[in-house]
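Chemist: This is what each chain is made of:
Protein chains: 4
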Amino acid sequence: MPVEVMYDDIKIGDTSSISKTITESDVYTFAGLCGDNNPVHVNEEFAKNSLFKTRIAHGFLCGSLLSAIFGTQLPGINTIYLSQEMNFKAPVKFGDTITATAEVLEKDDKKKNIRFKTTLTNQDGTVVIDGFALVKKYEKK
Amino acid sequence: MPVEVMYDDIKIGDTSSISKTITESDVYTFAGLCGDNNPVHVNEEFAKNSLFKTRIAHGFLCGSLLSAIFGTQLPGINTIYLSQEMNFKAPVKFGDTITATAEVLEKDDKKKNIRFKTTLTNQDGTVVIDGFALVKKYEKK
Amino acid sequence: MPVEVMYDDIKIGDTSSISKTITESDVYTFAGLCGDNNPVHVNEEFAKNSLFKTRIAHGFLCGSLLSAIFGTQLPGINTIYLSQEMNFKAPVKFGDTITATAEVLEKDDKKKNIRFKTTLTNQDGTVVIDGFALVKKYEKK
Amino acid sequence: MPVEVMYDDIKIGDTSSISKTITESDVYTFAGLCGDNNPVHVNEEFAKNSLFKTRIAHGFLCGSLLSAIFGTQLPGINTIYLSQEMNFKAPVKFGDTITATAEVLEKDDKKKNIRFKTTLTNQDGTVVIDGFALVKKYEKK
Numbered sequence: 032m033p034v035e036v037m038y039d040d041i042k043i044g045d046t047s048s049i050s051k052t053i054t055e056s057d058v059y060t061f062a063g064l065c066g067d068n069n070p071v072h073v074n075e076e077f078a079k080n081s082l083f084k085t086r087i088a089h090g091f092l093c094g095s096l097l098s099a100i101f102g103t104q105l106p107g108i109n110t111i112y113l114s115q116e117m118n119f120k121a122p123v124k125f126g127d128t129i130t131a132t133a134e135v136l137e138k139d140d141k142k143k144n145i146r147f148k149t150t151l152t153n154q155d156g157t158v159v160i161d162g163f164a165l166v167k168k169y170e171k172k
Numbered sequence: 032m033p034v035e036v037m038y039d040d041i042k043i044g045d046t047s048s049i050s051k052t053i054t055e056s057d058v059y060t061f062a063g064l065c066g067d068n069n070p071v072h073v074n075e076e077f078a079k080n081s082l083f084k085t086r087i088a089h090g091f092l093c094g095s096l097l098s099a100i101f102g103t104q105l106p107g108i109n110t111i112y113l114s115q116e117m118n119f120k121a122p123v124k125f126g127d128t129i130t131a132t133a134e135v136l137e138k139d140d141k142k143k144n145i146r147f148k149t150t151l152t153n154q155d156g157t158v159v160i161d162g163f164a165l166v167k168k169y170e171k172k
Numbered sequence: 032m033p034v035e036v037m038y039d040d041i042k043i044g045d046t047s048s049i050s051k052t053i054t055e056s057d058v059y060t061f062a063g064l065c066g067d068n069n070p071v072h073v074n075e076e077f078a079k080n081s082l083f084k085t086r087i088a089h090g091f092l093c094g095s096l097l098s099a100i101f102g103t104q105l106p107g108i109n110t111i112y113l114s115q116e117m118n119f120k121a122p123v124k125f126g127d128t129i130t131a132t133a134e135v136l137e138k139d140d141k142k143k144n145i146r147f148k149t150t151l152t153n154q155d156g157t158v159v160i161d162g163f164a165l166v167k168k169y170e171k172k
Numbered sequence: 032m033p034v035e036v037m038y039d040d041i042k043i044g045d046t047s048s049i050s051k052t053i054t055e056s057d058v059y060t061f062a063g064l065c066g067d068n069n070p071v072h073v074n075e076e077f078a079k080n081s082l083f084k085t086r087i088a089h090g091f092l093c094g095s096l097l098s099a100i101f102g103t104q105l106p107g108i109n110t111i112y113l114s115q116e117m118n119f120k121a122p123v124k125f126g127d128t129i130t131a132t133a134e135v136l137e138k139d140d141k142k143k144n145i146r147f148k149t150t151l152t153n154q155d156g157t158v159v160i161d162g163f164a165l166v167k168k169y170e171k172k
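Chains as they are written, first to last, in this note's numbering: chain A, 32 to 172; chain B, 32 to 172; chain C, 32 to 172; chain D, 32 to 172.
Since the hints were made in silico from the structure, they are not lab data.
Values in this document were obtained by computation on a predicted structure and should not be read as measured data.
Each hint can be trusted.
Chain copies aren't distinguished; within one or between two, either way the pair holds.
Below, a list of computed lysine-lysine pairs in the DSS-like style, where the Cα atoms sit at most 25 angstroms apart:
(1) K42 to K167
(2) K84 to K167
(3) K42 to K171
(4) K84 to K51
(5) K51 to K171
(6) K167 to K143
(7) K42 to K141
(8) K148 to K120
(9) K124 to K79
(10) K79 to K167
(11) K143 to K171
(12) K142 to K84
(13) K124 to K84
(14) K171 to K84
(15) K124 to K51
(16) K124 to K167
(17) K167 to K142
(18) K79 to K142
(19) K84 to K143
(20) K120 to K143
(21) K79 to K143
(22) K42 to K143
(23) K120 to K84
(24) K171 to K120
Next up, chain A with everything else stripped away, as it sits in the complex:
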């Protein structure tokens, strides 16, 4: 089972990260799941003449690493995802290694809600996505 970090053990400034090399296989599987077959993702002939010069990953695919942080690391079990804001800042190419990081910004003790700053960078340190998340830590009394 993934970890469960209790609400009271989570401090402002705590961070958690997950990294993954995003592959052609990931992008194709994701295109199939969500139906986003835009040629910039699945047509190299089109993509090589596009703004990015080659096929790129879906922003949503990269952003979903945040779901893994909240669901398996911080807080982990018994997390309820309330909201996510993503600003897509730079393209992710096949083979890029993306590191997603969530940092605790604020806690609402009454609701047990936690607000995070969320940042995804590539292997060069370029920010590819930033934004904020709100999650609730569910704890039976």
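Use these hints to put chains B, C and D onto chain A, whose structure you have.
Modeler: Below, chains B, C and D alone, put in the same frame as chain A:
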């Protein structure tokens, strides 16, 4: 090729929708892609004692239908996804049929940016995710 | 490695079959691969009001069992697929068990081409696809 | 929802196309779905000594782009696939970008059946598959 709707042909109030029955297969494939193996998604024994009484889909998986709208329908080809905000309002169970809808709220003619209201509902009309998106329509001069 | 049946060992009337229960997971994965997200395949709310009353499998997915026969059983290794004709006769529902059968109809000894009658039936014996295939058995001199 | 083109709006000579770069990921996923694990598809050591000098895609996988045309573009919703004939003319290598095109050849107004010429080409314009399809446009009176 997916369609391409030109910036000037997009009007305030235009909408585009995609529907899909979200299955166990989708959720498991998505868990594998993003690594969010929280037991509420992939452990029925855990999930039946949880708040939702059964396994539920990842919010990010459902939200990704919005990527398909922007990438293949409105505007389609030559869309650059700038930002997405998602508020997760209600759980999605395996077998729920989700309809994602994007409605044009505002246009910024100088930047060719388009702001959308984004709403996902289930087969009963319950809103499961709402929020806003910003996309740029890329058009060579 | 799959088997290799030599051209001279293949007789008129020889048959080879493969069976598979076609699942929701198969259909969803195939929809993702080929991009055929017609609602009759992936939207149960739509499908229950359609001609077939529930979601059905893609004909191409079922037909692809024939590729497995030629590629792994008869003739197996060193088969070159030249043509396939498929007539879609009846719908395949999730959970149906399909048996694909290829029967040798004719041989062209000069070209080492083999013509097959190809038939797919469901668990009730209903023919869901029929047609013909032509394959070449490649054999170095 | 995918588009729905009504029978009366479909004219002889109308065409619709879909393009995709066929990847190793596609071929392996498809091999898993249909069971065609012929070494020419999944064994590079075998394939490099074969007629084609490297692994190639399944003809059925490439041909399935036609299913996406009929199911999501022309006619789209409420299409019933009646038959497909495919002649496999040239190999498709991993990384080839395939464009599938369907062109309306004939219409049978009484049955609302539409006959298409179907052609798949690679990025060099080489025809890899050709053939014919017959689909019915289902329209409630």
